[in-house]
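Student: Listed here are the chains, written in short residue letters.
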Amino acid sequence: AQSVSQHNHHVILSEAASLELGCNYSYGGTVNLFWYVQYPGQHLQLLLKYFSGDPLVKGIKGFEAEFIKSKFSFNLRKPSVQWSDTAEYFCAILSGSARQLTFGSGTQLTVLP
Amino acid sequence: GAVVSQHPSWVICKSGTSVKIECRSLDFQATTMFWYRQFPKQSLMLMATSNEGSKATYEQGVEKDKFLINHASLTLSTLTVTSAHPEDSSFYICSARVTPWSRAGETQYFGPGTRLLVL
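Order-wise, the sequence lines are chains R and P. Each residue of the first sequence is one higher than the last, beginning at 43 in the working numbering. Each residue of the second sequence is one higher than the last, beginning at 42 in the working numbering.
Hints in this document: simulated from the structure, not taken from any laboratory. Glycine included, every Cβ here is placed at the ideal spot set by N, Cα and C. Careful, some of the hints might be misleading.
[Said to hold, decoys possible] Heads up, incomplete: computed chain R residues facing chain P, CB under 10 Å, no partners named:
| hint | residue |
| --- | --- |
| 1 | His49 |
| 2 | Val53 |
| 3 | Ile54 |
| 4 | Ser68 |
| 5 | Tyr69 |
| 6 | Val73 |
| 7 | Asn74 |
| 8 | Phe93 |
| 9 | Thr152 |
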């Protein structure tokens, strides 16, 4: 069965610091990976996704993620965070015949002004 | 991008009553919608997959007779929590899948969620 692990439960950074959130997955099939963000009081929004091709994926708002197959990882990065990036970040894997998403436990990012 | 709405945004009900939550895709047709449950400080847990015109597929451990799902049209899926109890209190989120010709374009769009409190 597929699973997604996010080991950082809460990350606190100052503005302009660099960000890397870890995501590791376990799945034996073709890997399709996603990062979603949930701002306070808002619904989940897609940041970026990986289906195939270039393992370095660029998303919205300056975020990027790198798919490293040998490490079963899909870490999210941003070179310089802003206070407005404060949110919950979820890594997810797409799997199954019905193409369901399995989410990691999420990482709460707090950016201090 | 595609917009998914949920109604109501939050509901408080007495134990034993039933609550219906609607999920609508506003500007696209969705043959498949998903229902999730999110507990405080936890991730989204998939409850069921809803396909238009057919029975929903429930995840292991989810009672299909308690969480009734109907997907009668390409833009509407409903989740009814029957005989709700306090342990059913949670945040319920739906998503609708857009499946273009290319799998790489496949994306799920999420609704804003419905907070249910059962007293």
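Student: Decide, hint by hint, whether the structure agrees.
Tutor: Results for each hint:
With a least beta-carbon distance of about 13 Å to chain P, the hint placing His49(R) at the interface is violated under the 10 Å criterion. The criterion of a C-beta within 10 Å of any C-beta in chain P is not met by Val53(R), whose closest approach is roughly 15 Å, and the hint is violated. Against a cut-off of 10 Å between C-beta atoms, the interface hint on Ile54(R) is violated, since the closest Cβ of chain P lies about 16 Å away. With 10 Å as the threshold, the beta carbon of Ser68(R) stays out of range of chain P, its nearest partner Cβ sitting at about 15 Å, so the hint is violated.
The beta carbon of Tyr69(R) is not positioned within 10 Å of any beta carbon in chain P (closest approach about 15 Å), and the interface hint is therefore violated. Hint status for Val73(R) relative to chain P: violated, with the closest Cβ pair at about 12 Å, above 10 Å. Against a cut-off of 10 Å between C-beta atoms, the interface hint on Asn74(R) holds, since the closest Cβ of chain P lies about 8 Å away. Among the interface hints, the one on Phe93(R) holds; its C-beta lies about 4 Å from the nearest C-beta in chain P, closer than the 10 Å criterion.
Taking 10 Å as the C-beta cut-off, the interface hint given for Thr152(R) is violated, the closest approach to chain P being about 14 Å.
Checked against the numbered hints given earlier, this structure breaks hints 1, 2, 3, 4, 5, 6 and 9; the rest are met.
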